[in-house]
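Protein chains in written order, with our numbering: chain W, -7 to 104; chain A, 62 to 175.
Worth flagging that the hints you see were computed from the coordinates, not collected in a lab. Keep in mind the model is a prediction, meaning the values are calculated, not measured. Think of the CB as a built atom: it goes at the ideal place given N, C-alpha and C, for glycine as much as any other residue. Hints may contain errors.
What the hints assert, rightly or not - Where chain W lies over chain A, by a calculated footprint (3+ residues, C-beta under 8 Å):
id : segment
1  : 102 to 116
2  : 166 to 172
Stated by the list, open to error - With a straight-line cut-off of 20 Å between C-alpha atoms, the simulated PhoX-like cross-links for lysine-lysine are:
id : chain 1 : residue 1 : chain 2 : residue 2
3  : W       : K10       : W       : K(-5)
4  : W       : K(-5)     : W       : K49
5  : A       : K102      : W       : K49
6  : A       : K167      : A       : K102
7  : A       : K167      : A       : K64
8  : W       : K(-5)     : A       : K102
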Amino acid sequence: DVKVTQSSRYLVKRTGEKVFLECVQDMDHENMFWYRQDPGLGLRLIYFSYDVKMKEKGDIPEGYSVSREKKERFSLILESASTNQTSMYLCASGVGSIYEQYFGPGTRLTVT
Amino acid sequence: ELKVEQNPLFLSMQEGKNYTIYCNYSTTSDRLYWYRQDPGKSLESLFVLLSNGAVKQEGRLMASLDTKARLSTLHITAAVHDLSATYFCAVTTYSGGGADGLTFGKGTHLIIQP
Chain W
-7 DVKVTQSSRY LVKRTGEKVF LECVQDMDHE NMFWYRQDPG LGLRLIYFSY
43 DVKMKEKGDI PEGYSVSREK KERFSLILES ASTNQTSMYL CASGVGSIYE
93 QYFGPGTRLT VT
Chain A
62 ELKVEQNPLF LSMQEGKNYT IYCNYSTTSD RLYWYRQDPG KSLESLFVLL
112 SNGAVKQEGR LMASLDTKAR LSTLHITAAV HDLSATYFCA VTTYSGGGAD
162 GLTFGKGTHL IIQP
């Protein structure tokens, strides 16, 4: 079974803090993705990566950056957290361009 | 800008009834995905539809794709309580190096009552 894990299920941070959200997959997938999920808005793509050290912007990259130093790990970075970044963050991985993405359990981030 | 619209966004139905969720998208795509999300849980892949006319069935759920109409449907037959969940459709976009990010609809919150 594909397993995508995220470092924290719940996280509370203060405005202005630098926040790291970690995602690890164990299926040797080339592609990894970060989404945020907000009530009434569905899921929106923040960033994705198709190879180590490669990254592409999604719909809403502002205020975020990413890092992919190893194939299995994809990190989302909030350089200076703000309250409007309070959300559920979902990581996903996949292989190829036609197969489904497999999602991790999510990290619910609250910025106060 | 790619838009994906689902309707209805909220659906309450009784066990044993049939219903259809609709997913419209605004640009050409030949790949469409359906996911299920239970409260407090992550997304579970249900169907991947890869071509015009594709139809897939799993238990009481059947999904179809009409790329010319830019429409996918998720049909529920003889609903049971265990199918209560939020259902999302998604379309591929942002092709970069072989990876395709997904654009999701807002989701259909389905409640099936005994």
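For each hint, the structure was consulted:
Only residues whose beta carbon comes within less than 8 Å of a beta carbon in chain W count, and the segment 102 to 116 of chain A has 7; three or more means the coverage holds. Check result for the segment 166 to 172 of chain A against chain W: holds, 3 residues qualifying (beta carbon to beta carbon below 8 Å, three or more required). Note on K10 of chain W and K(-5) of chain W: the hinted pairing is violated, with a Cα-Cα distance of about 27 Å set against a maximum of 20 Å. Distance hint between K(-5) of chain W and K49 of chain W is unfulfilled; the C-alpha atoms sit about 24 Å from each other, more than 20 Å.
Note on K102 of chain A and K49 of chain W: the hinted pairing is violated, with a Cα-Cα distance of about 26 Å set against a maximum of 20 Å. Restraint check: the Cα-Cα separation between K167 of chain A and K102 of chain A comes to about 16 Å, which is no more than 20 Å; the hinted pair holds. Note on K167 of chain A and K64 of chain A: the hinted pairing holds, with a Cα-Cα distance of about 10 Å set against a maximum of 20 Å. Between the alpha carbons of K(-5) of chain W and K102 of chain A the distance comes to roughly 14 Å, so the proposed pair stays at or under 20 Å and holds.
Against the hints set out earlier in the document, violations occur for numbers 3, 4 and 5.
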